[in-house]
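Visitor: One-letter residues, chain by chain:
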Amino acid sequence: MRIIVCVKQVPSTNEVNMDPVTNTIIREGIESVLNPFDTYAVEEAIRIKSALGGSIATISMGIPTVEEILRDTLALGADEGLLLTDRAFAGADTLATAYTLANGVKKLAPFDLIICGKQATDGDTAQVGPSLAVQLDIPHATDISHIESIDEKKIVCRRLTDDGYELLEMDLPALITVVKEINIPRLPSIAGIRASKKASIKKVGVNDLTVDESRLGLKGSPTQVVKTFIPSHDVDCEIITGKPEQQAATLVQRLTEKNLLDF
Amino acid sequence: MDIKIIKENCMGCEACVSSCPFGAISMEDGIAVISDACTYCGSCVDSCPAEAIELTKDEVIHKDISSYKGIWVFAEQNEGHLRSVALELLAEAQKLAADLKTDITAVLIGADVSKLAPQLIAHGADKVLLADEPFLKDFNDEVYTEVMVDAANKYRPDIILMGATTNGRSFAPRVAASLKTGLTADCTVLRVNTETGLLEQTRPAFGGNLMATIICPYHRPQMATVRPKVFKPLPTDEKRSGEIIRLHTKAPQKLRLRKLSNINAAAEGISLADADIIVAAGRGIGSAKNMHLVEELASLLGGAVGSSRPLVDTGWIPYKHQVGQTGKTVGPKLYIACGISGAIQHLAGMSSAETIVAINSDPEAPIFQIAHYALIGDCTEILPELIAQVKAIKAQNN
Numbered sequence: 001m002r003i004i005v006c007v008k009q010v011p012s013t014n015e016v017n018m019d020p021v022t023n024t025i026i027r028e029g030i031e032s033v034l035n036p037f038d039t040y041a042v043e044e045a046i047r048i049k050s051a052l053g054g055s056i057a058t059i060s061m062g063i064p065t066v067e068e069i070l071r072d073t074l075a076l077g078a079d080e081g082l083l084l085t086d087r088a089f090a091g092a093d094t095l096a097t098a099y100t101l102a103n104g105v106k107k108l109a110p111f112d113l114i115i116c117g118k119q120a121t122d123g124d125t126a127q128v129g130p131s132l133a134v135q136l137d138i139p140h141a142t143d144i145s146h147i148e149s150i151d152e153k154k155i156v157c158r159r160l161t162d163d164g165y166e167l168l169e170m171d172l173p174a175l176i177t178v179v180k181e182i183n184i185p186r187l188p189s190i191a192g193i194r195a196s197k198k199a200s201i202k203k204v205g206v207n208d209l210t211v212d213e214s215r216l217g218l219k220g221s222p223t224q225v226v227k228t229f230i231p232s233h234d235v236d237c238e239i240i241t242g243k244p245e246q247q248a249a250t251l252v253q254r255l256t257e258k259n260l261l262d263f
Numbered sequence: 264m265d266i267k268i269i270k271e272n273c274m275g276c277e278a279c280v281s282s283c284p285f286g287a288i289s290m291e292d293g294i295a296v297i298s299d300a301c302t303y304c305g306s307c308v309d310s311c312p313a314e315a316i317e318l319t320k321d322e323v324i325h326k327d328i329s330s331y332k333g334i335w336v337f338a339e340q341n342e343g344h345l346r347s348v349a350l351e352l353l354a355e356a357q358k359l360a361a362d363l364k365t366d367i368t369a370v371l372i373g374a375d376v377s378k379l380a381p382q383l384i385a386h387g388a389d390k391v392l393l394a395d396e397p398f399l400k401d402f403n404d405e406v407y408t409e410v411m412v413d414a415a416n417k418y419r420p421d422i423i424l425m426g427a428t429t430n431g432r433s434f435a436p437r438v439a440a441s442l443k444t445g446l447t448a449d450c451t452v453l454r455v456n457t458e459t460g461l462l463e464q465t466r467p468a469f470g471g472n473l474m475a476t477i478i479c480p481y482h483r484p485q486m487a488t489v490r491p492k493v494f495k496p497l498p499t500d501e502k503r504s505g506e507i508i509r510l511h512t513k514a515p516q517k518l519r520l521r522k523l524s525n526i527n528a529a530a531e532g533i534s535l536a537d538a539d540i541i542v543a544a545g546r547g548i549g550s551a552k553n554m555h556l557v558e559e560l561a562s563l564l565g566g567a568v569g570s571s572r573p574l575v576d577t578g579w580i581p582y583k584h585q586v587g588q589t590g591k592t593v594g595p596k597l598y599i600a601c602g603i604s605g606a607i608q609h610l611a612g613m614s615s616a617e618t619i620v621a622i623n624s625d626p627e628a629p630i631f632q633i634a635h636y637a638l639i640g641d642c643t644e645i646l647p648e649l650i651a652q653v654k655a656i657k658a659q660n661n
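The listed protein sequences correspond, in order, to chains A and B.
Quick note on this note's numbering: the first sequence kicks off at 1 and runs consecutively.
Quick note on this note's numbering: the second sequence kicks off at 264 and runs consecutively.
Hints should not be assumed to be uniformly reliable.
List time: in silico BS3-like cross-link candidates among lysine-lysine, alpha-carbon distance up to 27 Å [stated by the list, open to error]:
{"hint": "1", "chain 1": "A", "residue 1": "227", "chain 2": "B", "residue 2": "513"}
{"hint": "2", "chain 1": "B", "residue 1": "378", "chain 2": "B", "residue 2": "552"}
{"hint": "3", "chain 1": "A", "residue 1": "49", "chain 2": "B", "residue 2": "522"}
{"hint": "4", "chain 1": "B", "residue 1": "443", "chain 2": "B", "residue 2": "552"}
{"hint": "5", "chain 1": "B", "residue 1": "552", "chain 2": "B", "residue 2": "332"}
{"hint": "6", "chain 1": "B", "residue 1": "552", "chain 2": "A", "residue 2": "243"}
{"hint": "7", "chain 1": "B", "residue 1": "657", "chain 2": "A", "residue 2": "243"}
{"hint": "8", "chain 1": "B", "residue 1": "522", "chain 2": "A", "residue 2": "153"}
{"hint": "9", "chain 1": "A", "residue 1": "219", "chain 2": "B", "residue 2": "390"}
{"hint": "10", "chain 1": "B", "residue 1": "364", "chain 2": "B", "residue 2": "443"}
{"hint": "11", "chain 1": "A", "residue 1": "258", "chain 2": "A", "residue 2": "107"}
{"hint": "12", "chain 1": "B", "residue 1": "400", "chain 2": "B", "residue 2": "390"}
{"hint": "13", "chain 1": "A", "residue 1": "227", "chain 2": "B", "residue 2": "443"}
{"hint": "14", "chain 1": "B", "residue 1": "443", "chain 2": "A", "residue 2": "219"}
{"hint": "15", "chain 1": "B", "residue 1": "552", "chain 2": "B", "residue 2": "358"}
{"hint": "16", "chain 1": "B", "residue 1": "267", "chain 2": "A", "residue 2": "219"}
{"hint": "17", "chain 1": "B", "residue 1": "443", "chain 2": "A", "residue 2": "107"}
{"hint": "18", "chain 1": "A", "residue 1": "258", "chain 2": "B", "residue 2": "654"}
{"hint": "19", "chain 1": "A", "residue 1": "258", "chain 2": "B", "residue 2": "657"}
{"hint": "20", "chain 1": "B", "residue 1": "417", "chain 2": "B", "residue 2": "364"}
{"hint": "21", "chain 1": "B", "residue 1": "267", "chain 2": "A", "residue 2": "203"}
{"hint": "22", "chain 1": "A", "residue 1": "107", "chain 2": "A", "residue 2": "49"}
{"hint": "23", "chain 1": "A", "residue 1": "227", "chain 2": "B", "residue 2": "417"}
{"hint": "24", "chain 1": "B", "residue 1": "358", "chain 2": "A", "residue 2": "154"}
{"hint": "25", "chain 1": "B", "residue 1": "443", "chain 2": "A", "residue 2": "106"}
{"hint": "26", "chain 1": "B", "residue 1": "417", "chain 2": "B", "residue 2": "332"}
{"hint": "27", "chain 1": "A", "residue 1": "219", "chain 2": "B", "residue 2": "326"}
{"hint": "28", "chain 1": "A", "residue 1": "154", "chain 2": "B", "residue 2": "364"}
{"hint": "29", "chain 1": "B", "residue 1": "400", "chain 2": "A", "residue 2": "153"}
{"hint": "30", "chain 1": "A", "residue 1": "106", "chain 2": "B", "residue 2": "513"}
{"hint": "31", "chain 1": "B", "residue 1": "270", "chain 2": "B", "residue 2": "417"}
{"hint": "32", "chain 1": "B", "residue 1": "326", "chain 2": "B", "residue 2": "495"}
{"hint": "33", "chain 1": "A", "residue 1": "154", "chain 2": "B", "residue 2": "657"}
{"hint": "34", "chain 1": "A", "residue 1": "227", "chain 2": "B", "residue 2": "267"}
{"hint": "35", "chain 1": "B", "residue 1": "552", "chain 2": "A", "residue 2": "258"}
{"hint": "36", "chain 1": "A", "residue 1": "227", "chain 2": "B", "residue 2": "320"}
{"hint": "37", "chain 1": "B", "residue 1": "270", "chain 2": "A", "residue 2": "227"}
{"hint": "38", "chain 1": "A", "residue 1": "154", "chain 2": "B", "residue 2": "517"}
{"hint": "39", "chain 1": "A", "residue 1": "219", "chain 2": "B", "residue 2": "320"}
{"hint": "40", "chain 1": "A", "residue 1": "227", "chain 2": "B", "residue 2": "332"}
Bear in mind the hints are in silico, worked out from the structure with no lab data behind them.
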């Protein structure tokens, strides 16, 4: 079984804070980390490989320092890492990112399964996985919370939906995106960390790919950001005081006045 | 494509450093320097008071997009019932259609769903494109994409709106990538720029810390998903009339993706996505044995139970109840946060709730910054009071 895991470097959002004076994001001292959802994707790949054998390649697109994130995935148990890095890729939206990743994946082909995290915690779009599947002409399933069975031909997996769960079957090769519920990621072993330090991460630029350059980066992105701004959370807040009994009574009264309680 | 600092103009004020959403600007010898992390988003250009940053964009070869007209709304249904977000989108589409002087088409895909078409017309659709076939019974990303893409290539809509439901968030990128067009996820504001005629799509990023307004100037259709409950549906207008157009579809030869069964949680109460009222628990609930307080209040109010991440991690409640960045994003009419401190990741999942009630013993808890009603106190003492009083009112009304 050949598994490819797509990963992204994101700011460690736990430390995202707003500067109360300038109302901007404080970036000083913010580390870059492996997108939390991708840790579940890497873990699931390792589990499948332990059960069925095969190999795992991780792939990312980003600035040269993203190499370290890929190295972290090797420490966990991935066999090789590929980094798509070039100024020509910068400013890509989800469509251009998926196009670039699809061409990177072709360098790692043939493959049976691609695993992505449900979404990245910086953009939160959840679009690159499905978009990548289209560009590779394979089926996909999002929000997978459990793999029931997998063999060389097909995968049966459980998908978290708005109404509960559903059971899906897909022919391989296919792409899945995974939610947190799917597993508990392991920590890297000391031996793994040591080995990963020596491993080489393959770096691929635009000249290493056979691509339509007009579909890369900002130029290849249908969407454009025209404005960014800090949302204001200014709300009129009423502090309801008193003993618990009084607090409850006032709250019920306020909510009834606003027709929020329908008895 | 290039971005550069005009050194002679740079005053070293550092306004650009904090404006950059990607942390790509630093100061060297009092002059701003842009690193490889730059995505050419242009935020810094707008922030610079000295016109010291210059962004040049490559000329894009434009497709002829003038033939694309009309607004489409994907009328997502589940087992013959329309998702409420479909009606919410029809209402918003009416505003956009008025600015663009165009019409609204609902796209209805399913099996035995013709009966839903009049409901779509009564809620604002001028036309309904209907694909009603037994093989379309279950939502299937591949099969539904083929129907939608064929129809879009034939009728050329200017805009396609979809609900950011679990299925919508899977389906929309598949359709957009097939049409090689842009897609903006989870928009909270949509508006037509009346000068350019473009759809301006505003969405949260960085866990809600930053809002971005996005356009899709040279590709069509312009596509956006919108979270349920962001917009309000119009009241039913039975007098409205509309046209129903049947799409010709044929069953695929071979399905690569097959739905085997539903494992529904309906018996366990209302889903978070559909709930008008959510009562959510955080660490302040104290212990697993107090969870029944939250469940009881939710059930009395006809709402759903939510939770912050720590309770899921300790196993007090299943993951599907988790609200926040790594759980579900919700937008109910009323959100009652019980013992939730309000970490930024949690706020990202619920700050769009219409009315927020926060009960927490720590007056400094961040949840109070976005709450409309703040009850400072122990939720395990306040909840029993709330339950008793709601019960009393219900008994009285009956």
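Visitor: For every hint, state whether the structure bears it out.
Guide: Hint-by-hint comparison with the structure:
1. A distance of roughly 43 Å separates the Cα atoms of residue 227 of chain A and residue 513 of chain B; the hinted pair therefore is violated under the 27 Å criterion.
2. At roughly 46 Å between alpha-carbon atoms, residue 378 of chain B and residue 552 of chain B are farther apart than 27 Å, so this suggested pair is violated.
3. Proposed proximity of residue 49 of chain A and residue 522 of chain B is supported: the alpha carbons are some 25 Å apart, at most 27 Å.
4. Under the criterion of a C-alpha separation no larger than 27 Å, the hint pairing residue 443 of chain B with residue 552 of chain B is inconsistent with the structure, at around 52 Å.
5. With a CA separation close to 57 Å, the supplied pair residue 552 of chain B and residue 332 of chain B exceeds the 27 Å bound.
6. Note on residue 552 of chain B and residue 243 of chain A: the hinted pairing holds, with a Cα-Cα distance of about 23 Å set against a maximum of 27 Å.
7. For the given pair, residue 657 of chain B sits about 23 Å from residue 243 of chain A by alpha-carbon distance, which is consistent with the 27 Å threshold.
8. Among the hinted pairs, residue 522 of chain B with residue 153 of chain A is consistent with the structure: their alpha-carbon atoms are about 16 Å apart, no more than 27 Å.
9. This hinted pair does not check out: residue 219 of chain A and residue 390 of chain B have alpha carbons roughly 35 Å apart, beyond 27 Å.
10. Proposed proximity of residue 364 of chain B and residue 443 of chain B is supported: the alpha carbons are some 26 Å apart, at most 27 Å.
11. Distance restraint check for residue 258 of chain A and residue 107 of chain A: the Cα-Cα separation of roughly 59 Å exceeds the 27 Å cut-off, and the hinted pair is therefore not satisfied.
12. Using a Cα cut-off of 27 Å, the hinted pair residue 400 of chain B and residue 390 of chain B holds, with the two alpha carbons roughly 22 Å apart.
13. Restraint check: the Cα-Cα separation between residue 227 of chain A and residue 443 of chain B comes to about 23 Å, which is no more than 27 Å; the hinted pair holds.
14. Using a Cα cut-off of 27 Å, the hinted pair residue 443 of chain B and residue 219 of chain A holds, with the two alpha carbons roughly 13 Å apart.
15. Restraint check for residue 552 of chain B and residue 358 of chain B: the C-alpha separation of about 48 Å exceeds 27 Å, so the hint is violated.
16. Between residue 267 of chain B and residue 219 of chain A the CA atoms are separated by roughly 17 Å; this keeps the pair inside 27 Å, and the hint holds.
17. In summary, the hint linking residue 443 of chain B to residue 107 of chain A is supported, as the alpha carbons are separated by about 22 Å, within the 27 Å threshold.
18. For the hint pairing residue 258 of chain A with residue 654 of chain B, the CA-to-CA distance comes to about 19 Å; that is within 27 Å, so the pair holds.
19. Simply put, residue 258 of chain A and residue 657 of chain B have alpha-carbon atoms about 17 Å apart, close enough for the 27 Å limit, and the pair holds.
20. Restraint check for residue 417 of chain B and residue 364 of chain B: satisfied, since their Cα atoms lie roughly 21 Å apart, inside the 27 Å limit.
21. For the hint pairing residue 267 of chain B with residue 203 of chain A, the CA-to-CA distance comes to about 26 Å; that is within 27 Å, so the pair holds.
22. Between residue 107 of chain A and residue 49 of chain A the CA atoms are separated by roughly 20 Å; this keeps the pair inside 27 Å, and the hint holds.
23. Distance hint between residue 227 of chain A and residue 417 of chain B is unfulfilled; the C-alpha atoms sit about 33 Å from each other, more than 27 Å.
24. Proposed proximity of residue 358 of chain B and residue 154 of chain A is contradicted: the alpha carbons are some 46 Å apart, above 27 Å.
25. For the proposed pair residue 443 of chain B and residue 106 of chain A, the alpha carbon gap of about 19 Å is at most 27 Å, so the pair holds.
26. Distance hint between residue 417 of chain B and residue 332 of chain B is fulfilled; the C-alpha atoms sit about 12 Å from each other, no more than 27 Å.
27. Using a Cα cut-off of 27 Å, the hinted pair residue 219 of chain A and residue 326 of chain B holds, with the two alpha carbons roughly 14 Å apart.
28. For the proposed pair residue 154 of chain A and residue 364 of chain B, the alpha carbon gap of about 49 Å is over 27 Å, so the pair is violated.
29. Restraint check for residue 400 of chain B and residue 153 of chain A: the C-alpha separation of about 25 Å stays at or below 27 Å, so the hint holds.
30. Distance check on the hinted pair: residue 106 of chain A and residue 513 of chain B sit about 32 Å apart at the alpha-carbon level, beyond 27 Å; violated.
31. Distance hint between residue 270 of chain B and residue 417 of chain B is unfulfilled; the C-alpha atoms sit about 52 Å from each other, more than 27 Å.
32. A distance of roughly 35 Å separates the Cα atoms of residue 326 of chain B and residue 495 of chain B; the hinted pair therefore is violated under the 27 Å criterion.
33. A threshold of 27 Å between alpha carbons decides the hint, and for residue 154 of chain A with residue 657 of chain B the separation of about 53 Å lies outside it, so the pair is violated.
34. Proximity of residue 227 of chain A to residue 267 of chain B is assessed by CA-CA distance (about 19 Å); at most 27 Å being required, the pair is judged to hold.
35. The suggested pairing of residue 552 of chain B with residue 258 of chain A is violated, with an alpha-carbon distance near 32 Å, which exceeds 27 Å.
36. Note on residue 227 of chain A and residue 320 of chain B: the hinted pairing holds, with a Cα-Cα distance of about 16 Å set against a maximum of 27 Å.
37. With a CA separation close to 24 Å, the supplied pair residue 270 of chain B and residue 227 of chain A stays within the 27 Å bound.
38. Using a Cα cut-off of 27 Å, the hinted pair residue 154 of chain A and residue 517 of chain B holds, with the two alpha carbons roughly 14 Å apart.
39. With a CA separation close to 8 Å, the supplied pair residue 219 of chain A and residue 320 of chain B stays within the 27 Å bound.
40. Note on residue 227 of chain A and residue 332 of chain B: the hinted pairing holds, with a Cα-Cα distance of about 26 Å set against a maximum of 27 Å.
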